[in-house]
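Below are the chains, spelled out letter by letter.
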Amino acid sequence: MNLIQRLKIWKELRRLEARVREEPSPSTFVDLGQVFLNLDMPERALQAADDGLLLFPDSADLKKLRTFARRGVDRSRIDELRSRLNKNPTNRLYGELVSILSESGDAGALHATCEEWSVRFPQDTGPWVWLGQFHLQGFYRSIAARDGVEAVSCLERAIGLDSEQVRPRVLLAELLYRIGATQRARTLLDAVPTDGDDSELQSLRQKVANTRSLGNDVERLLQSAEENGLLPNAPPIADSATTRGDDGIGAIRDALAAIAEMEGVQKAAYIRGTRALVKGDIKDGKDPFLRTVRVIAKAGHRYSRRLDVGSFKRGVIQGPFGVLCICCYGEVLAAVQCTATSPTERILAELQEVVASSLYAMGVSQ
Amino acid sequence: MNPIQETLEDLRRTNGVKACMVLTNDGLVVAQSLGARFREDIVAGLSSYLAMTTNKALEEGGLGKFDSFTLHAAHGKSVFHDIGEAVLVVLLDQFADLDGSRREIQSAAQRLRRSARIG
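Chains A and B supply the protein sequences, listed in that same order. The first sequence: position 196 = 196 (the numbering used here), numbered continuously. The second sequence: position 64 = 64 (the numbering used here), numbered continuously.
Take these hints with a grain of salt, some might be off.
[As the list claims (entries may be wrong)] When the alpha-carbon atoms are kept at most 30 Å apart in a straight line, the in silico BS3-like pairs for lysine-lysine are as follows:
1. Lys56(B) to Lys267(A)
2. Lys65(B) to Lys283(A)
3. Lys63(A) to Lys8(A)
4. Lys298(A) to Lys279(A)
5. Lys11(A) to Lys64(A)
6. Lys65(B) to Lys18(B)
7. Lys64(A) to Lys56(B)
8. Lys65(B) to Lys286(A)
9. Lys64(A) to Lys8(A)
10. Lys18(B) to Lys298(A)
11. Lys283(A) to Lys298(A)
12. Lys8(A) to Lys56(B)
13. Lys56(B) to Lys286(A)
14. Lys63(A) to Lys18(B)
15. Lys267(A) to Lys283(A)
16. Lys298(A) to Lys286(A)
17. Lys64(A) to Lys298(A)
18. Lys65(B) to Lys279(A)
19. Lys63(A) to Lys283(A)
20. Lys56(B) to Lys283(A)
21. Lys56(B) to Lys18(B)
22. Lys18(B) to Lys279(A)
23. Lys298(A) to Lys267(A)
24. Lys65(B) to Lys267(A)
25. Lys64(A) to Lys87(A)
26. Lys298(A) to Lys56(B)
27. Lys63(A) to Lys11(A)
28. Lys279(A) to Lys267(A)
Worth flagging that the hints you see were computed from the coordinates, not collected in a lab.
All chains, please: the whole structure from these sequences, using the hints.
Have a look at this one:
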């Protein structure tokens, strides 16, 4: 970029900064952030997005800008850490790098870095704990047996390297408890000294002690969780859902009712595990529509995962019946059957909002 | 090159389209334009699984069969179009503008439907 171009951009920047103060709106913040990105200043773009989101928390454009700016900030930090690692590799630097990669969700880079870390420091448990955590997140999100198996293998490897480390033991014990292998979970927890227990670990110990074991064949239990789309023992999100009371569900019910009122919408449903909320032309939980969308969402999950394109988010199915819109996140799904002339994009956006807000209510977004 | 293959090659040149394939309803590959990134057997197997499961679920729910199914995943999009005795499967990247490529996909589906009928 030459000097004249730079001066022009700086002039534009001053104008936009004044506009943001005088007439704040999502678009003025986005324009300002865009200029910062053009100037290769992702931190300032991130700041602009954050400032904008304080005033307009629901703006999709500002959320996009934030994601984009965050990626820019992460990229520069990753480059810096990479060059430091090339000169003088240490466990701490690898840990920092992997933490950023994990936050950005870059699975490929995370795997490659952990592999490099484990080759350079074969006695360090760090790469295996990180990989285990990454696969655990994937497993809790989509209940995919493959992720569960990987998580178990990585965490067992970490425990093998340092049997006194508490974190991999607790993570593995929790996973085993969730899938029903409580006996194995108990054995793992028994090896963790009780003097440093926090409230979460105490509660896990209690749950493990009071729950009947479904067996010790971890692979079979993971497979059965995937097939049922459910964990036998409530996932971590369930506790916070119950402590928050019915507020989340009330808001979801209202949002679903609003969707059912939209032009052309015939049926609307929100499904979480085995429970469903229904609105519109649905009599009860036995309506075949619920089974249809459940089966399609599950097939969509399997297809996406095995094709290696991440998790299934949305599906739009058109046919003689009109349009089926499905939005998913893990075990939560919201779906609508509407006429062919309905505003599909708007309906999908509303469904996504329902799914996202229900996850927030359950504490997943934290 | 036969007209079906030609249609697929044209479609793959559309912005955002990474691969496309025509499958019979029972999963046999009629023609494909996948490039080096995808394996024919994997795409065919998964696509026929999704198309068949979806149609079965819709039929069991009394809704008939789908005309088109657009799937958005975290790192990619897929479009399935019923073309009579077969299904057109189009794989797109996650940033692909579906509104922009919809016309090309629909016109390809129409041409394929015609080719299949003549064939």
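Hints and how they fare:
1. Lys56(B) to Lys267(A): It holds: about 20 Å lies between the C-alpha atoms, which stays within 30 Å.
2. Lys65(B) to Lys283(A): With Cα atoms ~23 Å apart, Lys65(B) and Lys283(A) stay inside 30 Å; holds.
3. Lys63(A) to Lys8(A): holds, 27 Å
4. Lys298(A) to Lys279(A): Holds: Lys298(A) and Lys279(A) sit about 22 Å apart, inside 30 Å.
5. Lys11(A) to Lys64(A): holds, 25 Å
6. Lys65(B) to Lys18(B): holds, 26 Å
7. Lys64(A) to Lys56(B): violated, 37 Å
8. Lys65(B) to Lys286(A): holds, 21 Å
9. Lys64(A) to Lys8(A): Given that 30 Å is the threshold and the Cα spacing comes to 25 Å, the pair holds.
10. Lys18(B) to Lys298(A): holds, 24 Å
11. Lys283(A) to Lys298(A): Given that 30 Å is the threshold and the Cα spacing comes to 23 Å, the pair holds.
12. Lys8(A) to Lys56(B): violated, 60 Å
13. Lys56(B) to Lys286(A): holds, 18 Å
14. Lys63(A) to Lys18(B): holds, 27 Å
15. Lys267(A) to Lys283(A): The given pair, whose Cα atoms are some 10 Å apart, holds under the 30 Å limit.
16. Lys298(A) to Lys286(A): holds, 18 Å
17. Lys64(A) to Lys298(A): holds, 28 Å
18. Lys65(B) to Lys279(A): holds, 24 Å
19. Lys63(A) to Lys283(A): violated, 38 Å
20. Lys56(B) to Lys283(A): holds, 23 Å
21. Lys56(B) to Lys18(B): Holds - the C-alpha atoms of Lys18(B) and Lys56(B) are around 28 Å apart, at most 30 Å.
22. Lys18(B) to Lys279(A): violated, 39 Å
23. Lys298(A) to Lys267(A): With Cα atoms ~19 Å apart, Lys298(A) and Lys267(A) stay inside 30 Å; holds.
24. Lys65(B) to Lys267(A): holds, 18 Å
25. Lys64(A) to Lys87(A): violated, 35 Å
26. Lys298(A) to Lys56(B): holds, 13 Å
27. Lys63(A) to Lys11(A): holds, 26 Å
28. Lys279(A) to Lys267(A): Holds, at roughly 6 Å.
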